[in-house]
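Chemist: What follows is each chain in one-letter form.
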Amino acid sequence: MKFGVIIFPGSNCDHDTHNVVAEIAHQPVTYLWHDSDDLKGVDAVLVPGGFAYGDYLRTGAIARFSPVMQSVKKFADGGGLVLGICNGFQILTEAGLLPGALMRNAGLKYICKQVHLRVETTETAFTNTLKKGEVLKIPIGHAEGNYYCTTEELKRLEAEGRIAFRYSTPSGEITAEANPNGSLANIAGVLNEKKNVLGMMPHPDRSSEPLLGSADGWRIFESMIAALATK
Amino acid sequence: MKAHVTVTLKSSVLDPQGQTIHNALGKIGIEGVQAVRQGKYFLLNLSPALSQEAARAQVERIAREVLTNPVIEEFSYKLEE
Amino acid sequence: MRAHDHPANNDKIGHEKMNMRRRLTRSEDHPMQTSTPEPVSITAELLAQHSVTPEEYERILAALGRTPSLTELGIYSVMWSEHCSYKSSRVHLKRLPTRSERVVQGPGENAGIIDVGDGWACAFKIESHNHPSYIEPHQGAATGVGGILRDIFTMGARPLAVMDSLRFGPIDPGSELAKSDPATLAHNHRIVEGVVDGIASYGNCFGVPNLGGETKFESCYSGNPLVNAFALGLVKKDEIFYAKAAGVGNPVIYVGAKTGRDGIHGATMASEEFKEGSEQKRPNVQVGDPFMEKLLLEACLEAMKTGAIVGIQDMGAAGLTCSTCEMGARGCVGLDVELDNVPQRETGMSAYEIMLSESQERMLLVAEKGREGEVLGVFAKWGLDAVIVGTVCPEPRLRIRHHGVLVADIPNTSLTDDAPLYRRPVGTWKAPVPPEPPADVLAELDRPRDYTADLKKLLASSNICSKRWVHEQYDSMVQTNTVQGPGGEAGVMRIKGSGAPGHERGLVMALDGNSRWAYLDPKLGAMHAVAEAARKVACTGATPVAATNCLNFGNPEKPEIMAQLSAAIDGISEACTALGTPITGGNVSLYNETKGEGIYPTPVLGIVGIIDDVTKAVPAGFQREGEAILLFYLPESGDDTRSFGSSEYAKTLLGRLWGKPPQLNLSEESNLHRALAAVIDKGLITSACDISDGGVAVSAAEATFSHGIGGRLALQSQESTATGALLVLFGEEASQVIVTCKVENVFAVIDLAETFGNVCVAEIGRTGGDRLEITLNGNPVIDATINELTKPWAASLSAALHDEVPA
Numbered sequence: 001m002k003f004g005v006i007i008f009p010g011s012n013c014d015h016d017t018h019n020v021v022a023e024i025a026h027q028p029v030t031y032l033w034h035d036s037d038d039l040k041g042v043d044a045v046l047v048p049g050g051f052a053y054g055d056y057l058r059t060g061a062i063a064r065f066s067p068v069m070q071s072v073k074k075f076a077d078g079g080g081l082v083l084g085i086c087n088g089f090q091i092l093t094e095a096g097l098l099p100g101a102l103m104r105n106a107g108l109k110y111i112c113k114q115v116h117l118r119v120e121t122t123e124t125a126f127t128n129t130l131k132k133g134e135v136l137k138i139p140i141g142h143a144e145g146n147y148y149c150t151t152e153e154l155k156r157l158e159a160e161g162r163i164a165f166r167y168s169t170p171s172g173e174i175t176a177e178a179n180p181n182g183s184l185a186n187i188a189g190v191l192n193e194k195k196n197v198l199g200m201m202p203h204p205d206r207s208s209e210p211l212l213g214s215a216d217g218w219r220i221f222e223s224m225i226a227a228l229a230t231k
Numbered sequence: 001m002k003a004h005v006t007v008t009l010k011s012s013v014l015d016p017q018g019q020t021i022h023n024a025l026g027k028i029g030i031e032g033v034q035a036v037r038q039g040k041y042f043l044l045n046l047s048p049a050l051s052q053e054a055a056r057a058q059v060e061r062i063a064r065e066v067l068t069n070p071v072i073e074e075f076s077y078k079l080e081e
Numbered sequence: 001m002r003a004h005d006h007p008a009n010n011d012k013i014g015h016e017k018m019n020m021r022r023r024l025t026r027s028e029d030h031p032m033q034t035s036t037p038e039p040v041s042i043t044a045e046l047l048a049q050h051s052v053t054p055e056e057y058e059r060i061l062a063a064l065g066r067t068p069s070l071t072e073l074g075i076y077s078v079m080w081s082e083h084c085s086y087k088s089s090r091v092h093l094k095r096l097p098t099r100s101e102r103v104v105q106g107p108g109e110n111a112g113i114i115d116v117g118d119g120w121a122c123a124f125k126i127e128s129h130n131h132p133s134y135i136e137p138h139q140g141a142a143t144g145v146g147g148i149l150r151d152i153f154t155m156g157a158r159p160l161a162v163m164d165s166l167r168f169g170p171i172d173p174g175s176e177l178a179k180s181d182p183a184t185l186a187h188n189h190r191i192v193e194g195v196v197d198g199i200a201s202y203g204n205c206f207g208v209p210n211l212g213g214e215t216k217f218e219s220c221y222s223g224n225p226l227v228n229a230f231a232l233g234l235v236k237k238d239e240i241f242y243a244k245a246a247g248v249g250n251p252v253i254y255v256g257a258k259t260g261r262d263g264i265h266g267a268t269m270a271s272e273e274f275k276e277g278s279e280q281k282r283p284n285v286q287v288g289d290p291f292m293e294k295l296l297l298e299a300c301l302e303a304m305k306t307g308a309i310v311g312i313q314d315m316g317a318a319g320l321t322c323s324t325c326e327m328g329a330r331g332c333v334g335l336d337v338e339l340d341n342v343p344q345r346e347t348g349m350s351a352y353e354i355m356l357s358e359s360q361e362r363m364l365l366v367a368e369k370g371r372e373g374e375v376l377g378v379f380a381k382w383g384l385d386a387v388i389v390g391t392v393c394p395e396p397r398l399r400i401r402h403h404g405v406l407v408a409d410i411p412n413t414s415l416t417d418d419a420p421l422y423r424r425p426v427g428t429w430k431a432p433v434p435p436e437p438p439a440d441v442l443a444e445l446d447r448p449r450d451y452t453a454d455l456k457k458l459l460a461s462s463n464i465c466s467k468r469w470v471h472e473q474y475d476s477m478v479q480t481n482t483v484q485g486p487g488g489e490a491g492v493m494r495i496k497g498s499g500a501p502g503h504e505r506g507l508v509m510a511l512d513g514n515s516r517w518a519y520l521d522p523k524l525g526a527m528h529a530v531a532e533a534a535r536k537v538a539c540t541g542a543t544p545v546a547a548t549n550c551l552n553f554g555n556p557e558k559p560e561i562m563a564q565l566s567a568a569i570d571g572i573s574e575a576c577t578a579l580g581t582p583i584t585g586g587n588v589s590l591y592n593e594t595k596g597e598g599i600y601p602t603p604v605l606g607i608v609g610i611i612d613d614v615t616k617a618v619p620a621g622f623q624r625e626g627e628a629i630l631l632f633y634l635p636e637s638g639d640d641t642r643s644f645g646s647s648e649y650a651k652t653l654l655g656r657l658w659g660k661p662p663q664l665n666l667s668e669e670s671n672l673h674r675a676l677a678a679v680i681d682k683g684l685i686t687s688a689c690d691i692s693d694g695g696v697a698v699s700a701a702e703a704t705f706s707h708g709i710g711g712r713l714a715l716q717s718q719e720s721t722a723t724g725a726l727l728v729l730f731g732e733e734a735s736q737v738i739v740t741c742k743v744e745n746v747f748a749v750i751d752l753a754e755t756f757g758n759v760c761v762a763e764i765g766r767t768g769g770d771r772l773e774i775t776l777n778g779n780p781v782i783d784a785t786i787n788e789l790t791k792p793w794a795a796s797l798s799a800a801l802h803d804e805v806p807a
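Residue numbers (our numbering), protein chains in the order written: chain X, 1 to 231; chain W, 1 to 81; chain U, 1 to 807.
Please keep in mind that the hints were generated in silico from the structure rather than gathered at the bench. One or more hints might be untrue.
[Unchecked claim] Below 30 Å or equal to it, Euclidean Cα-Cα: the simulated DSSO-like pairs (lysine-lysine) are:
| id | chain 1 | residue 1 | chain 2 | residue 2 |
| --- | --- | --- | --- | --- |
| 1 | X | Lys113 | U | Lys457 |
| 2 | X | Lys40 | X | Lys74 |
| 3 | U | Lys305 | X | Lys2 |
| 4 | W | Lys27 | U | Lys467 |
| 5 | X | Lys109 | W | Lys2 |
| 6 | X | Lys73 | X | Lys231 |
| 7 | W | Lys40 | X | Lys73 |
| 8 | U | Lys456 | U | Lys660 |
| 9 | X | Lys113 | U | Lys456 |
[To be verified] Which residues of chain X face chain W? A partial, calculated answer using Cβ under 7 Å:
| id | residue |
| --- | --- |
| 10 | Arg58 |
| 11 | Ala101 |
| 12 | Ala106 |
| 13 | Leu108 |
| 14 | Tyr148 |
Virtual Cβ for every residue (Gly too), placed ideally from N, Cα, C.
Turn these sequences into a full structure, and let the hints guide you.
Modeler: What follows is the structure, given as structure tokens:
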């Protein structure tokens, strides 16, 4: 199975994401240039973190117009796996592939630290090797990760099991103190209706090796590989 | 022709920056402000060849599709000859 | 503007005279130009506006053999400014050690470079952005980060990590300043917020991890904040690029942001004292665009891979002026540039403005003739402006044309190597404080105290408290190499693709500078800065191998300031020689004075270390329960009441300053570093933390914080007095490290460590529990839960910044 990592000019986690797939997962992986609509026949698209086109207007606002994103939309419509991490999540919401929006952090500052996430659903291609209620330690690094959607949308997400992760305490409680950025209902990651597109603010790419403080993020890549293998 | 576009968070969406500014006003002793909402301002220089009507259509499209995220933001604008 | 350039190279002067004649003949090729640039009418006022002294003007006349044009005067004024020419410090900087087997590039280039093995080299440097950060904290600090990053990637190196040394005025709402001058306190808050936000926004977007550094507060920095940015990057040893022009006829290419009127005379601003009204220089401050910088990084590294680039330099201070004449001077060639080709953001810019603009995110490069297309193609791919603005010519002169008219024609070396060199009078410096503790202080020291309460106060003090509020705003993890991020002793980065797979080599970096100590004794204080930064590196298990320095001082025209500078350089030289860490570059920032009030002399040292297997690096805090706590120390270096006057305890709890910094034995310090490297390489210890601000009590408390693992320490004092207790608990004796190890390894650690010189090891306690308990000669002196101690330490910085401040 082949992974594709998109490079926008301001992507800065493209190499990191590529490195996890190539060096840790030992899977084939290729870069996808923003200005091209060719997805090179990949089986999964990774939209990495960074500041796609500078993000001066809104995070991800310009990226959704790029040629590569037009192809990603079609790819997702056809059931292809798409994982958006951090800026990737912001781009996927702007592009309408995921519901809601990511606003400025409630504390108005960029935050980089390890956080804990509770796994809310395991019936997805991204979480199939995890246990429901399990707590992962994965870092965040963003200024705009405050998830927002309407009350009706939130009800739908909850009813349809489309909230992938919530910020929690290390023991798995969902509390206001465990919420680093003011996200609605402590939401850290959401899925689209078909559950083939996941967006998450925390960085599994930064937590796939014990040397870096946590290897919990690796479990998400592992799940994707497992899902693709049975496809 | 110029278009002045203002983008703000929808009134139903929490605006922590606006709140922070409001708190700061209180701290420095400025009273009589009930609330502050902050937003963004864009100045678009349009081609003089555009008709008033075409200009409106153009500006609305830009504001809707590029300058705002409809999930959280709304816009208003003013045209100036 | 490059730091520590070697002093004037006199052989080049002969060339210039010869070339004056050649220039006249060459002018026939350009029928539009007049033979010399149009002279400006020189007045005393015009020279003063350019900070050019009458003597310096005489030198300009001699170098040109005629009256300069306005553009030429502007060019001389920025190139001969203190900031670019180091005219006051160069004679002293020569004394710094700059060589070792590892040094690939010493001072004089955009950054220093050392060999780190496996074909990799590390480019690194520290630079100040003090004055701009006072005028506009956010943009000043942001562009400081941008500048140092360009210095690194100009050499072909991808930036791997940054760190900052920050100095601010007091911010504590409970401080004296809050009562006496609340406006200054509020201003200090805005500077802290702006600087941190500026560093964060630039580095985070660019995508380089920030590993912290140090943040300190003293009254002297109220009007003179210091922002020193230290960056480090990696490059394959055979892919290093230099800022040198070569190859007559080769095209000179301008890349990046368009030129605007920003920052004109930033370099001269950075070389003047602040006076009332300096804030009005605000338009001079440049605005940074980190996205543009990121594009430049990727595009430059990709363009370098084409093999068509001959030389490259960033346009930092003094912009186009500095890059054109320095590249020419290094290559002993000239650059002939037509300003009409320079991309401009504003209309109607004069030659003077274009040459002096400090617009950010611009680079100048020389490409191989005939291969311009390949280079331009790469920049186009990244959506960047790249245009040919001139050519390399044989005469070593800077020739600038505007609309085809020659507006400047200057021998390169008159701007660089032959810039004025001052042997400013070096007076004497003696800090105006008592050399010995005054009688009332001695009485105070000998009064019994609640040491636990004192410890809490120290932990809450702005210099010691947690800087998490700062560090969490920085992306410390991007690039996935961060093994130890902010908050520990040093930053530890893995080098992907080096060493053995899964056991890659590591680069370690640390910053240090205790300006209070440098104020009391500039030489000894500077030695401590080197020793402590190196010790922090050694605490991780790495071997310190090289250094970069940022010398922040007051007005060099005052003999006592020159005395501080000269003594500090002596101290750095001695310490760097003894510890095997040559200086490969750095920066000097003078005139850090506002309204005649100078800063403490602040030499800041950045040290780089190497650890062969990064998985062996140890952290600073206690890792497991039930381990032995050991103290590595040197014999007979006990603290006394004289050096206690330099401590954080004396400052915070007594509000006093006296005496001298602690003693330092450099050869034994070096043995200590070797001992640490040896025990860590053998996997014998589990953590190591340096004892510094606040003494052993503070270091032990901090060691309990990282995992919430407590400890019991039994300390000994020869004197059973209250003073004796204070010295043991809070004295800041040098060359001491708290180490933990498995109980069964205690003897192995002692046996190995004590083979290095006079290094001594004492077992002083056990980790475990949820309290910190310290006894002295068997009597309990400190006892508190970790929770009680963490609270004041963790919350105090953000509380100070967010508390109500009377306007």
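Chemist: All hints are to be evaluated individually against the structure, with a verdict given for each.
Modeler: Checked hints:
A hinted pair counts as satisfied when its Cα atoms are at most 30 Å apart, and X/Lys113 with U/Lys457 qualifies at roughly 27 Å. Between X/Lys40 and X/Lys74 the CA atoms are separated by roughly 14 Å; this keeps the pair inside 30 Å, and the hint holds. Restraint check: the Cα-Cα separation between U/Lys305 and X/Lys2 comes to about 27 Å, which is no more than 30 Å; the hinted pair holds. In summary, the hint linking W/Lys27 to U/Lys467 is supported, as the alpha carbons are separated by about 26 Å, within the 30 Å threshold.
Straight-line distance between C-alpha atoms of X/Lys109 and W/Lys2 comes to about 34 Å, which puts the hinted pair past the 30 Å bound. A hinted pair counts as satisfied when its Cα atoms are at most 30 Å apart, and X/Lys73 with X/Lys231 qualifies at roughly 20 Å. Using a Cα cut-off of 30 Å, the hinted pair W/Lys40 and X/Lys73 holds, with the two alpha carbons roughly 29 Å apart. Using a Cα cut-off of 30 Å, the hinted pair U/Lys456 and U/Lys660 holds, with the two alpha carbons roughly 25 Å apart.
The hinted pair formed by X/Lys113 and U/Lys456 meets the criterion: a straight-line CA distance of about 26 Å does not exceed 30 Å. Because the smallest distance between the Cβ of X/Arg58 and any Cβ of chain W comes to about 6 Å, under 7 Å, the interface hint for this residue holds. For X/Ala101, the suggested interface contact is upheld, since its CB lies about 4 Å from the closest CB of chain W, less than 7 Å. The beta carbon of X/Ala106 is positioned within 7 Å of a beta carbon in chain W (closest approach about 5 Å), and the interface hint is therefore held.
This hint holds: X/Leu108 has a C-beta 6 Å from the nearest C-beta of chain W, less than the 7 Å allowed. Residue-level restraint check for X/Tyr148 holds (minimum Cβ-Cβ distance to chain W is 6 Å; threshold 7 Å).
The earlier numbered hint that this structure contradicts is number 5, and it is the only one.
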